[in-house]
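> The lines below spell out each chain.
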Amino acid sequence: MRRAPSTVVVQRGVFTIVISLVVVLVAFPIARLAQTVWAETDGDLSWILGSAGLVTAVRNTLLLAAVVTVVAVPSGALLALALRRADVPGRGFFRVAVLLPILVPDFVLAYSWTQAYGPAGFTDSMTGLGWDGVRGPVGVAVVVAVNAVPLAYLVTAVGLASRAEPDLERAARVSGAGAWTALRTVTVPLLRPALAAAGVLVFVLTLGTFAIPQVMGAPAGFTTVTTRIYANLSLGGDSASFVEAVTLALLLVVLAGSVVVPADALLGPRLRVRRQAVAEGSVTASAGRAPGRWIAAGLGCYLLATVGLPLLALVAAAVTRAVGLPPAPSNWTTDNFREVMTARTFEALTRSLWLAVTAASLLTLLGACVAVLERRRSGRPLSSMVTLTLVLPGSTLAVALLISYGRWLANTLAIILLAYLAKLWAFAHRPVSGALDRLPPDEVQAARASGASALTAVRTVALRPLLPALMAAWFICFLTALHEVTMSSLLYGPGSETLAVVVLNSQELGGIGPTAALSVLLTLLLAVPAALFWVLLRVVRVPETDPSPEVVPHVA
Amino acid sequence: MTAQSAPPAYIARMSAQLSSLSGASSHRIRPKHPALAWIGLAAIGALPLAACGGDGGQSEGAASDTITVYTCVSDETIQPIISDFRDKNPGTEVDLFRAPTGELNARVAADKRSGGLRADVIWACDPLTMQAYVDQGLVGGWVPDDASGIPADYRTDDYVGAHILYMVAVSHDGSKAPKSWDDLTDPGEKVAVPDPSFAASALGALGYFADSPDYGVQFYDELKHNGAVQVSSPDDVTVGVAQGVYDAGITIATSAYKAQQDGSPVQVAWPEPGAIAIYGPVALVKNSADEKAAKNFVGYVVSKEGQTTVAESGAYPTMEGIDGPTVPEGAPVVLPDWKSIGQQKDRLLSEYQSIFGG
Numbered sequence: 001m002r003r004a005p006s007t008v009v010v011q012r013g014v015f016t017i018v019i020s021l022v023v024v025l026v027a028f029p030i031a032r033l034a035q036t037v038w039a040e041t042d043g044d045l046s047w048i049l050g051s052a053g054l055v056t057a058v059r060n061t062l063l064l065a066a067v068v069t070v071v072a073v074p075s076g077a078l079l080a081l082a083l084r085r086a087d088v089p090g091r092g093f094f095r096v097a098v099l100l101p102i103l104v105p106d107f108v109l110a111y112s113w114t115q116a117y118g119p120a121g122f123t124d125s126m127t128g129l130g131w132d133g134v135r136g137p138v139g140v141a142v143v144v145a146v147n148a149v150p151l152a153y154l155v156t157a158v159g160l161a162s163r164a165e166p167d168l169e170r171a172a173r174v175s176g177a178g179a180w181t182a183l184r185t186v187t188v189p190l191l192r193p194a195l196a197a198a199g200v201l202v203f204v205l206t207l208g209t210f211a212i213p214q215v216m217g218a219p220a221g222f223t224t225v226t227t228r229i230y231a232n233l234s235l236g237g238d239s240a241s242f243v244e245a246v247t248l249a250l251l252l253v254v255l256a257g258s259v260v261v262p263a264d265a266l267l268g269p270r271l272r273v274r275r276q277a278v279a280e281g282s283v284t285a286s287a288g289r290a291p292g293r294w295i296a297a298g299l300g301c302y303l304l305a306t307v308g309l310p311l312l313a314l315v316a317a318a319v320t321r322a323v324g325l326p327p328a329p330s331n332w333t334t335d336n337f338r339e340v341m342t343a344r345t346f347e348a349l350t351r352s353l354w355l356a357v358t359a360a361s362l363l364t365l366l367g368a369c370v371a372v373l374e375r376r377r378s379g380r381p382l383s384s385m386v387t388l389t390l391v392l393p394g395s396t397l398a399v400a401l402l403i404s405y406g407r408w409l410a411n412t413l414a415i416i417l418l419a420y421l422a423k424l425w426a427f428a429h430r431p432v433s434g435a436l437d438r439l440p441p442d443e444v445q446a447a448r449a450s451g452a453s454a455l456t457a458v459r460t461v462a463l464r465p466l467l468p469a470l471m472a473a474w475f476i477c478f479l480t481a482l483h484e485v486t487m488s489s490l491l492y493g494p495g496s497e498t499l500a501v502v503v504l505n506s507q508e509l510g511g512i513g514p515t516a517a518l519s520v521l522l523t524l525l526l527a528v529p530a531a532l533f534w535v536l537l538r539v540v541r542v543p544e545t546d547p548s549p550e551v552v553p554h555v556a
Numbered sequence: 001m002t003a004q005s006a007p008p009a010y011i012a013r014m015s016a017q018l019s020s021l022s023g024a025s026s027h028r029i030r031p032k033h034p035a036l037a038w039i040g041l042a043a044i045g046a047l048p049l050a051a052c053g054g055d056g057g058q059s060e061g062a063a064s065d066t067i068t069v070y071t072c073v074s075d076e077t078i079q080p081i082i083s084d085f086r087d088k089n090p091g092t093e094v095d096l097f098r099a100p101t102g103e104l105n106a107r108v109a110a111d112k113r114s115g116g117l118r119a120d121v122i123w124a125c126d127p128l129t130m131q132a133y134v135d136q137g138l139v140g141g142w143v144p145d146d147a148s149g150i151p152a153d154y155r156t157d158d159y160v161g162a163h164i165l166y167m168v169a170v171s172h173d174g175s176k177a178p179k180s181w182d183d184l185t186d187p188g189e190k191v192a193v194p195d196p197s198f199a200a201s202a203l204g205a206l207g208y209f210a211d212s213p214d215y216g217v218q219f220y221d222e223l224k225h226n227g228a229v230q231v232s233s234p235d236d237v238t239v240g241v242a243q244g245v246y247d248a249g250i251t252i253a254t255s256a257y258k259a260q261q262d263g264s265p266v267q268v269a270w271p272e273p274g275a276i277a278i279y280g281p282v283a284l285v286k287n288s289a290d291e292k293a294a295k296n297f298v299g300y301v302v303s304k305e306g307q308t309t310v311a312e313s314g315a316y317p318t319m320e321g322i323d324g325p326t327v328p329e330g331a332p333v334v335l336p337d338w339k340s341i342g343q344q345k346d347r348l349l350s351e352y353q354s355i356f357g358g
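Sequence lines, in order, name chains A and B.
In case it helps, this note's numbering puts the first sequence at residues 1 to 556.
In case it helps, this note's numbering puts the second sequence at residues 1 to 358.
Don't read these hints as lab results, they were simulated from the structure.
Hints are supplied without guarantee of correctness; some may be wrong.
Claimed, not checked - Stretches of chain B that chain A covers, calculated by requiring three or more beta carbons in the stretch to come under 8 Å of a beta carbon on chain A:
| no. | region |
| --- | --- |
| 1 | 125 to 137 |
| 2 | 242 to 248 |
| 3 | 259 to 268 |
| 4 | 272 to 280 |
As the list claims (entries may be wrong) - Coverage of chain A stretches by chain B, computed from C-beta distances (three or more under 8 Å per stretch; other residues unrestricted):
| no. | region |
| --- | --- |
| 5 | 60 to 69 |
| 6 | 251 to 263 |
| 7 | 393 to 399 |
Beta carbons are placed, not taken as given, at the ideal position from N, Cα and C, and that holds for glycine.
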């Protein structure tokens, strides 16, 4: 294959930049953590790894990650499949509503669930049905799963948008396959890369999740590796505790690596299917027997339980004068909102918006680069590498970056940006990777041969079918970065306070009224861009070849 | 594209860059395309800087009197302190880093390993943390001459207590307010205790009870026996009791009184033998770049003026005779032995965890 020399140079350049960034954001910080541990323990880790309760914590962590992955990924996929159907009434609303849990910071989500379903919570005071187990391992698993479902949904949905082959599905149905068989033999195999991507993301994210186990697991004595890390950081301040925290964080990296590396190596290349660049749209009409309105009803129930009631509890907390009072009009107040809406908050919000937009844009670019480069043999380890920083709890990742670059970048927005890039790179990479098939080089070359410049060829041939995935990657990084708490509250300095630092940190993560008010405001604030995003997605979606449901009854 | 696939040369390049970044020199591994690698690195270096644009550049030189304070004290207290200090010391700027103890510790540990503490003053929330900083040679060695206004129980040669957290009992309206800590073990009371592996204040309480001949760790055993539940933080105790999930609990006085003042259905008690006082010490960082201004700040915080500002902000001052937040008439106060807690922290926690799990 001959290429214009300029293309080769560009490719090498991109490759070098991405590799360098992997070194800067992933390899070097992790290496510095390891070096710290090595230097300060002389390599003797037995007192840490043999400490009481660690085995339980590791088992809890792995079990939680496995359970959440097994629950959240199929749920997300089901949601994506259901919302693909044109006959589901209120589809647009559902598509946005499904994403709402991402808007709420982890520990607020945990709180809202205990308020909605726990003893003395919403359901308890209204109907007498309280769920004791919400403060315990089961509650933790449910809430972490609910938090992960939107992610799985988004990854599968963009996988569907760029990979679905409605013609193949219809062909299967016409040839006599039932809805289930068509799903099993056509749709799901096409979705496998997206499902694998969602699985890896959810698994790794859950390994590193902290706030939910801390808040909801404590009453049951449920510990995870992350809660132990925080316990080591918060108690003592001595070197031994710090080294123990860092060692446990590296243990998480090893755990994540030992799952992700083989998964990527074995599954990655096999799941890809060679296909045409032009996807044929994501909409199918009724594929199964259940009419759309039943699906809508099911979705409505799911959303009411997982989003509606917890959000309602949050609103109640935000407008109520003091905890423990019934949310009756006589107890309503706007104090919490006034406390949150200050000039400082506004300044910090502007900064956070700016940071989130920058981070999301860079990440989308970087994610796409890795998704392309991992197709080369020499680029394969990249995808696993960028996933390793996702598992590091915010506190230890921030420490790693400070130790690595603090001399030059401490107290700047730049180091916070680096932290976001490091933490969320996998968030940006996996959705694109799950949507991207082997780039059809012949089509790009056809475009080039017809006189298109390299840029035009990539833009028109490769980028267009990928647009939903790129936008989803951007969106999820933006939302996560916008209310990120731990890393920015550890890295900020004068003039680089983020929204979370100003509002949540001043509350010691305890003043639940103002925190709830902030979450409500954020949700409202983001509902607008979210709606916009949805409209955009409709506009750029690959033209639907056959959206009219009238055709399909022949099949059904 | 596959035809182009290079051998895994980038691994060599990666390690070369790694060692060049970490400052070690390596002659064995030569990057295949050093120029490209360096262009890449330069681009990365420029990227965040360019991205920062107008927002950066806040770290103006240390020429003017600018000190940095690291603290875990809440914004409600530290902000008035800083603005009052500025008013009284025109020309001295105070930069603030405020974070919960866990994040504060992480930041200090990371600073220490990347060129030294970037603070001039640390104001911690418990003596255990501060003593650890002293032991590592990060802070201490100096206290203001006139710190004698602060009771001797709240100071050492390296740091001086600037505020106090009182661990008290909070109970739901209608439940019996405990007269003594023992009353919490009465059958039928559902009690919430804060997790001592999460909050140092809770560890202080654990340390006090464990040391006390009348209580011991079996106090927690009895609590658990009567159905006591561990929650994450003292604030979670207050919230849970206010909502009636628990009948009573051990929490911080400021949190309980705040809920009560807002109208939550709770009452606050200072049980016998006393509310457990946990003091937050302030200390001078060793080799502070602007030692004079930093000493001024520490001196101000433990002066009568500073303590009055602390009290007005809603925190308990350490200095006696200053009108602060609510302390009931004749309320008893006891002190944990921080030295012993520091020595037996791991044993205490593991004994506690054998009762409450985790």
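> All hints are to be evaluated individually against the structure, with a verdict given for each.
To see whether the hints hold, each was checked on the structure:
Counting residues of the region 125 to 137 of chain B whose CB lies closer than 8 Å to any CB of chain A gives 7, so the stated coverage by that chain holds, three being the minimum. Counting residues of the region 242 to 248 of chain B whose C-beta lies closer than 8 Å to any C-beta of chain A gives 4; at least three are required, and the coverage claim holds. With a threshold of 8 Å between beta carbons, the proposed coverage of the region 259 to 268 of chain B by chain A holds, since 6 of its residues qualify and at least three are required. Look at the region 272 to 280 of chain B against chain A: 0 of its residues bring a Cβ nearer than 8 Å to a Cβ of that chain, fewer than three, so the hint is violated.
Requiring three or more residues with a Cβ within less than 8 Å of a Cβ of chain B, the coverage given for the region 60 to 69 of chain A is violated, as only 0 such residues are present. Interface restraint, the region 251 to 263 of chain A with chain B: violated (0 residues with C-beta to C-beta distance below 8 Å; minimum three). A stretch counts as covered by a chain when three or more of its residues have a beta carbon under 8 Å from one of that chain; for the region 393 to 399 of chain A and chain B the count is 4, and the coverage holds.
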